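Each chain is listed here by its residues.
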Amino acid sequence: MSTPAKRTHWREGLRHFPRDHGLSKKVLLNCCLVRRIITWASPNKKDSVEDELELSAVRHRPEGLEKLEAQTRFSRKELQILYRGFKNECPSGVVNEDTFKDIYSQFFPQGDASTYAHFLFNAFDTDHNGSVSFEDFVMGLSILLRGSVQEKLNWAFNLYDINKDGYITKEEMLDIMKAIYDMMGKCTYPILKEETPRQHVDMFFQKMDKNKDGVVTIDEFIDCCQNDENIMRSMQLFENVI
Amino acid sequence: MAAGVAAWLPLARAAAIGWMPVANCPMPIAPRDHSKRQDELIILNVSGRRFQTWRTTLDRYPDTLLGSSEKEFFYNEETKEYFFDRDPDAFRSVLNFYRTGKLHYPRYECISAYDEELAFFGIIPEIIGDCCYEEYKDRKRENAERLMDDQEENKDSKLPNMNFRETMWRAFENPHTSTMALVFYYVTGFFIAVSVITNVVETVPCGSTPNQKDVPCGERYTVAFFCMDTACVMIFTVEYLLRLFAAPSRYRFMRSVMSIIDVVAILPYYIGLVMTNNEDVSGAFVTLRVFRVFRIFKFSRHSQGLRILGYTLKSCASELGFLLFSLTMAIIIFATVMFYAEKGSSSSKFTSIPASFWYTIVTMTTLGYGDMVPKTIAGKIFGSICSLSGVLVIALPVPVIVSNFSRIYHQNQRADKRRAQKKARLARIRIAKTCSSNAYLQRKRNGLLSELLDLTTSEEEQQHLNKSTSLLESQHHHLLHCLEKTTSLSLSLSLSLSLSLSLAVSQAHEFIDEQMFEQNCVESALQSYPSRSPSLSSQEGFTGTCCSCRSRKSIPLPNSSMSTTHTHTQGLQELSALHIQCAEQQGHSSSRSSLNMQPNEVGRFNCRERQITTAIISIPSPPAPIPEGDGHGPPNPGPSISTTASSNIVKVSAL
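Chains R and S, in that order, give the protein sequences.
Take the first sequence: its position 9, counting from 1, is numbered 9 in the UniProt record's numbering, and each next residue is one higher.
Take the second sequence: its position 44, counting from 1, is numbered 44 in the UniProt record's numbering, and each next residue is one higher.
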């Protein structure tokens, strides 16, 4: 380890170096340029080191059981079961989007669930870091299974609002609808027509958009859903999933 | 659905809440989970080694044994665990399958044992993970080949009803099945050799008259050679026609390689007969004579190695093709280069590119005749590059071909080895089997004695008798006894004992003798039933309990020694001493007759048999061997009793 004195001495020497050896600044710059070209030409080396760092950082360990118990509405035992299942599938402790898409697609073999899985992933990944950790997973489940109706509707709104700006536009809703219909696949009865998602979106907006401004806000959404009996009833459907 | 994914089903279901606001129709009712048990640990006791896992882990695959209610059959109430009497090492992979969703095949495990374990636990082997699937399939294929080879051997055995054609075909394909076939095989081999040697010697210059230059033998002794040729072609033609006649599928036979070789071998002769003395086509005639050399390929029927070589070349066709292609490419390149390099020099032999081909080939295969050499410096440089690259190009595909040949050759060796081992193995297995059947008959005799001795058999004696046989044995013997009662026949000892004797004593003479032995046994009993099973054979009409005078312990040897003393005059064949007890008296004790057949039938049989036995051989005095037998084991007064009961003991020696 060089002491500060040594370092200044070295710097002095460095300053004198070009003068002593007839090298000009230009030459040195050129050398730097050459080195940069070389590193650009062989990008792998640099990336591999970074990749390794990334991988080791990705090994995620969740917070303690007590903390999670406090934050969610699951009991200790339920959290244990959930974690065991989660860790079994994802030994590294986090799910990235591709894995999530794979897993979700297995439940819908007849259609293409990747688009919807993408939206779902974004809904679970609350801190938007590209991976769903066990905390995100368990928080999401807590809301969905043990939350109040308000919270659930909030979650659903969050899912539909793709760019998270607080408004659901028709385009966003159309994307979601198309993704849902994609999951059904090609072989349906009656045959899926091109305009069916659009019609469905129009129906939705007709119901939800009270002030007809083309977007649905969170309050409109919650109000409308709370007044709809069907929706209220179906919200209670998955109470006993865990 | 994979296991781990099942763990995510709650997530998928919870996320379905996202569809609710956009749904038009009401949702169906969710299934209720009635058995809302807390997840518990299950203990699986596999041959003493305890495995523990969560119940839900096992429930992931409900169509297997552990995942369904089938495991309740194995539940042990006292210890509250599931007990499986299977191999714990193999169970490890089974349980890991439930845990991780991937089934792995451990390399140290025998393939059939592993298959059995999977079948027991209801897991199909197709879900073995990609990492282990190739290994599994390879081992399975190898095993199947092995079993198939064994089965093919069994097909060799003579089927009872084969017509003349089939017999002939079998004789052609497997020369060692009958002497005629063997003779034919050697004769054809001899004539092939003669024909080939004739062709060769024909061209040797032999002796010359002073004013003529050396004349090849063929022209000197035309008649002799012509006769020899005719004879060979006759034999070949006859052979070909016979094969054609005997072939099960004539069309397929005519398309096979060997038959084409046969045809090519004999055609030139006939064409030559047709076209003699026609000067114009004599050139073609000479060419045809070349084809006669293909007769040498007929040897491949006689040589296994040749066939393997041919098969190897066929299977390495792609490698050979690659070799040829790359060589051609290199030849063209280098020939062009050499031609242009040598163009400048005068009196160069490289007159054209095709002319340079010869130089390139000779150089690349490192032959180097030296009839064409480059003279310019550039030519020499390129020539050296050419020879170096030639070495490389040729060396590349050769290891592939060699390894293929080695694999096929070793496979063949293995097949031969297995065939040789199989005979010895079968012999040993048969001895073991006959021991068990002998045990039954031994016991029967003792049972007979115990009934005879006394009706009030004391407990100790009973136990003494039963002690030596396990419960399993005694139950088995009881079963055989019941069968006897059902069919009112008795089990006899004839072939089984004789086989065991012959095998035990004469090891040098294996199965040919045994078969003849069998045949003779059958003939001697004057029945025409095929008795194939070497173990217990209940033969109609051939009744009577047969006891052999032997001790319980050493089964074949004392008897064999006894029989050899009586049969040394017989030479190779072994005797089995069959005592046929015939209870002539009608009013004999019921216990005796209950063991034998109905007395009248016995009597009938007796009359027939007696004549035969005296004709075959007479062992001097029946009592003589009996004391020997007596000396060996305590409960042995059987024969003496029978003599006192004045029934005739007739010994039949089965030749």
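Keep in mind that the hints were calculated from the coordinates and are not lab data.
Please note that the accuracy of each hint is not assured.
Some chain R residues flagged as far from chain S (calculated, every beta-carbon gap over 10 angstroms) [claimed, not checked]:
#, residue
1, 37
2, 62
3, 69
4, 84
5, 89
6, 131
7, 186
8, 189
9, 190
10, 195
11, 211
12, 215
13, 223
14, 233
Listed next, the in silico DSSO-like pairs over lysine-lysine satisfying Cα-Cα at most 27 angstroms (straight line) [claimed, not checked]:
#, chain 1, residue 1, chain 2, residue 2
15, R, 164, R, 186
16, S, 102, R, 101
17, R, 212, R, 186
18, R, 87, S, 485
19, S, 140, S, 423
20, S, 444, S, 433
21, R, 207, R, 164
22, R, 178, R, 101
23, S, 140, R, 77
These figures come from a predicted structure and were not determined experimentally.
Every residue, glycine too, gets a C-beta built ideally from N, C-alpha and C.
Status of each hint after checking the structure:
| no. | hint | result |
| --- | --- | --- |
| 1 | 37 | 36 angstroms, holds |
| 2 | 62 | 16 angstroms, holds |
| 3 | 69 | 17 angstroms, holds |
| 4 | 84 | 8 angstroms, violated |
| 5 | 89 | 4 angstroms, violated |
| 6 | 131 | 15 angstroms, holds |
| 7 | 186 | 20 angstroms, holds |
| 8 | 189 | 15 angstroms, holds |
| 9 | 190 | 14 angstroms, holds |
| 10 | 195 | 15 angstroms, holds |
| 11 | 211 | 18 angstroms, holds |
| 12 | 215 | 15 angstroms, holds |
| 13 | 223 | 12 angstroms, holds |
| 14 | 233 | 7 angstroms, violated |
| 15 | R/164 <-> R/186 | 31 angstroms, violated |
| 16 | S/102 <-> R/101 | 20 angstroms, holds |
| 17 | R/212 <-> R/186 | 34 angstroms, violated |
| 18 | R/87 <-> S/485 | 67 angstroms, violated |
| 19 | S/140 <-> S/423 | 25 angstroms, holds |
| 20 | S/444 <-> S/433 | 17 angstroms, holds |
| 21 | R/207 <-> R/164 | 21 angstroms, holds |
| 22 | R/178 <-> R/101 | 17 angstroms, holds |
| 23 | S/140 <-> R/77 | 45 angstroms, violated |
The earlier numbered hints that this structure contradicts are 4, 5, 14, 15, 17, 18 and 23.
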